[in-house]
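Asks: Spelled out from the first residue to the last, the chains are:
2 protein chains.
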Amino acid sequence: MKKTAIAPANIALIKYWGKRDASLNLPLNSSFSMNLSELSTTTTIQFRQLKKDEISLDGHDATTEDRERVVRHLDRIRKIAGTSFRARVVSRNTFPTGVGIASSASGFAALTLAATRALGLRLSEKQLSLLARRGSGSACRSVPDGFVEWVVGKRDEDSYAFSLHPPDFWDIHDVVVLVSRRMKKVTSTEGHSLAPTSPFFQVRLRDIPRRLSLLKKALKEKDFSTFGRVVEEEALNMHAVMMTSSPPLLYWEPVTLKVMLLVFQMRDEGLQAYVTLDAGPTVHVICQANDAERLARKLRTVEGVIAVIDNKPGKGARVVEEHLF
Amino acid sequence: MKKTAIAPANIALIKYWGKRDASLNLPLNSSFSMNLSELSTTTTIQFRQLKKDEISLDGHDATTEDRERVVRHLDRIRKIAGTSFRARVVSRNTFPTGVGIASSASGFAALTLAATRALGLRLSEKQLSLLARRGSGSACRSVPDGFVEWVVGKRDEDSYAFSLHPPDFWDIHDVVVLVSRRMKKVTSTEGHSLAPTSPFFQVRLRDIPRRLSLLKKALKEKDFSTFGRVVEEEALNMHAVMMTSSPPLLYWEPVTLKVMLLVFQMRDEGLQAYVTLDAGPTVHVICQANDAERLARKLRTVEGVIAVIDNKPGKGARVVEEHLF
Numbered sequence: 001m002k003k004t005a006i007a008p009a010n011i012a013l014i015k016y017w018g019k020r021d022a023s024l025n026l027p028l029n030s031s032f033s034m035n036l037s038e039l040s041t042t043t044t045i046q047f048r049q050l051k052k053d054e055i056s057l058d059g060h061d062a063t064t065e066d067r068e069r070v071v072r073h074l075d076r077i078r079k080i081a082g083t084s085f086r087a088r089v090v091s092r093n094t095f096p097t098g099v100g101i102a103s104s105a106s107g108f109a110a111l112t113l114a115a116t117r118a119l120g121l122r123l124s125e126k127q128l129s130l131l132a133r134r135g136s137g138s139a140c141r142s143v144p145d146g147f148v149e150w151v152v153g154k155r156d157e158d159s160y161a162f163s164l165h166p167p168d169f170w171d172i173h174d175v176v177v178l179v180s181r182r183m184k185k186v187t188s189t190e191g192h193s194l195a196p197t198s199p200f201f202q203v204r205l206r207d208i209p210r211r212l213s214l215l216k217k218a219l220k221e222k223d224f225s226t227f228g229r230v231v232e233e234e235a236l237n238m239h240a241v242m243m244t245s246s247p248p249l250l251y252w253e254p255v256t257l258k259v260m261l262l263v264f265q266m267r268d269e270g271l272q273a274y275v276t277l278d279a280g281p282t283v284h285v286i287c288q289a290n291d292a293e294r295l296a297r298k299l300r301t302v303e304g305v306i307a308v309i310d311n312k313p314g315k316g317a318r319v320v321e322e323h324l325f
Numbered sequence: 001m002k003k004t005a006i007a008p009a010n011i012a013l014i015k016y017w018g019k020r021d022a023s024l025n026l027p028l029n030s031s032f033s034m035n036l037s038e039l040s041t042t043t044t045i046q047f048r049q050l051k052k053d054e055i056s057l058d059g060h061d062a063t064t065e066d067r068e069r070v071v072r073h074l075d076r077i078r079k080i081a082g083t084s085f086r087a088r089v090v091s092r093n094t095f096p097t098g099v100g101i102a103s104s105a106s107g108f109a110a111l112t113l114a115a116t117r118a119l120g121l122r123l124s125e126k127q128l129s130l131l132a133r134r135g136s137g138s139a140c141r142s143v144p145d146g147f148v149e150w151v152v153g154k155r156d157e158d159s160y161a162f163s164l165h166p167p168d169f170w171d172i173h174d175v176v177v178l179v180s181r182r183m184k185k186v187t188s189t190e191g192h193s194l195a196p197t198s199p200f201f202q203v204r205l206r207d208i209p210r211r212l213s214l215l216k217k218a219l220k221e222k223d224f225s226t227f228g229r230v231v232e233e234e235a236l237n238m239h240a241v242m243m244t245s246s247p248p249l250l251y252w253e254p255v256t257l258k259v260m261l262l263v264f265q266m267r268d269e270g271l272q273a274y275v276t277l278d279a280g281p282t283v284h285v286i287c288q289a290n291d292a293e294r295l296a297r298k299l300r301t302v303e304g305v306i307a308v309i310d311n312k313p314g315k316g317a318r319v320v321e322e323h324l325f
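Protein chains in written order, with the UniProt record's numbering: chain A, 1 to 325; chain B, 1 to 325.
The set of hints was computed from the structure by calculation and includes no laboratory data. Among the hints, a few may not be true.
[Claimed, not checked] Here chain B is said to cover these stretches of chain A; the calculated rule only asks that three of the stretch's residues, wherever they fall, bring their Cβ under 8 Å from a Cβ of chain B:
| id | region |
| --- | --- |
| 1 | 143-152 |
| 2 | 196-203 |
| 3 | 225-236 |
| 4 | 240-247 |
All C-beta atoms, glycine included, are put in the ideal place defined by N, C-alpha and C.
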């Protein structure tokens, strides 16, 4: 059967950095994210008698590395369903590839949902989240709706993500500012393994529960300035850990910093906006709905900025009827 | 009597960040620096019967803030000498002001030496270093020659700097890259007081003795790659602490990062060069003598770079015969 699913990218507000089990993608800390309304992956899959999996990503055959990762994930799902059929997979992102948006979260969430449905499996949201996590850690957060917590858990079976609030709970935006077409030199996977080499990593880990509960409280109370301050503090904390790893990881580009400094300046002038960054040069500017358009307009004028994409809180992974093939 | 002294700026290789006593400028950790051959302050002073101190810095009357700081320091010296004479002070830097080179180290070292000599005091190098420290902490390191350690000490009388190696011990360079004319928004004095608000500060402090002894060993053995790695690690460590302070301190400009990334890239291509930064956007590129000219030439081509100044290890503070008035 042919099935198509769509899944959002998500921005981590409390970050996932450091794994306790690299093969299971078990994290060292709980994390928290918001799904993004405008950045998503759509994946259509059909299992058939084929010699090998046929995988097309954004109109091209997958690279060897991407292919292996997808096939490994399909193997997990085939094992659950008890089939040896190969699959035709066609996947498209709403955003340009290779500009610093990690597409593995939305990609593996969409693949997990589409593939399980195509094989007739009806997994619960929790089961889908657990399974997506095996493909790419942060993909587990792209399964539930809106504002999502990924609990660190104690073992494979209880490290999954769930929705804490639906997308319409709070109308805040993530204005995503793309600043680079370069592929990052150090992948997130390699980065995770370097995290514990920072002398600051253990302090970071110990402090995360406090920051996570601060963030959840500010979210519940819709206290935007506290929320924003925690979000920005968390991002700088992770990047401070990265930059003190051995070897040091510097994910920022000059334009990254230009955008950050501009946001700080606009905040000094009264606009409530806060920055966060994942393991890459893309800047995410978190702001209230009223300010998003003005902010996006201003950020588009910055020399070196490639694109600015204004996002609301988004839905999680869902099945859709329009197939890609 | 009229006396003139010259004192070098210094680049901290193990940084001074955080004070245990702000009025005495007593540090929380030992630090280590290299004096710079091409960046210095020359100061001429004459004590006379005047209504008030007349202070000219780089051809202009000192600002109120600078003036107060200089007068407070002159008062310390007048007290030691037992005089109430006011002074005429004329001071000049070899480098442009307001482009991100802290001139307080060279400035207070030169002032301390010139003023004590003009009042007929003959202080030892240790006494001069202790006294210069009262004017500006890092000024104590601009008193001795070459490669200098400032010991954290236990009290006022034993927190001073001394020369570990003369300037000609090792022919390494500091290629100073000026990238901004903007005055930094947060002064070092304010920054020092924020240091303990970083969750990482205590870890940094505990780790400094290890890093300092690694650096001194690499210096003694003239092991440049170890030396450079420690220097760069230390700089990123301090900036990670700064960026996780409350509020966060980001001293980098976009061009700062551009220069850093270029140095990393040149290193990937085989050039041994390492970066360090003080509490400002200026990048100091530490390299071996053979590579300095090529590096400086390349860095001058970077858009946004204001000036590149190639320094050797420099002498400490000394009296000279050529007066500024």
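Asks: Does each hint fit the structure? Answer for all of them.
Replies: Hints and how they fare:
Evaluation of the coverage hint for the region 143-152 of chain A: breached, as 0 residues show C-beta separations to chain B shorter than 8 Å, against a requirement of three. Look at the region 196-203 of chain A against chain B: 3 of its residues bring a Cβ nearer than 8 Å to a Cβ of that chain, three or more, so the hint holds. Requiring three or more residues with a Cβ within less than 8 Å of a Cβ of chain B, the coverage given for the region 225-236 of chain A holds, as 3 such residues are present. Under a criterion of three residues with beta carbons nearer than 8 Å to beta carbons of chain B, the stated coverage of the region 240-247 of chain A is upheld, 5 such residues being counted.
Hint 1 alone, counting from the list given before, is not met by this structure.
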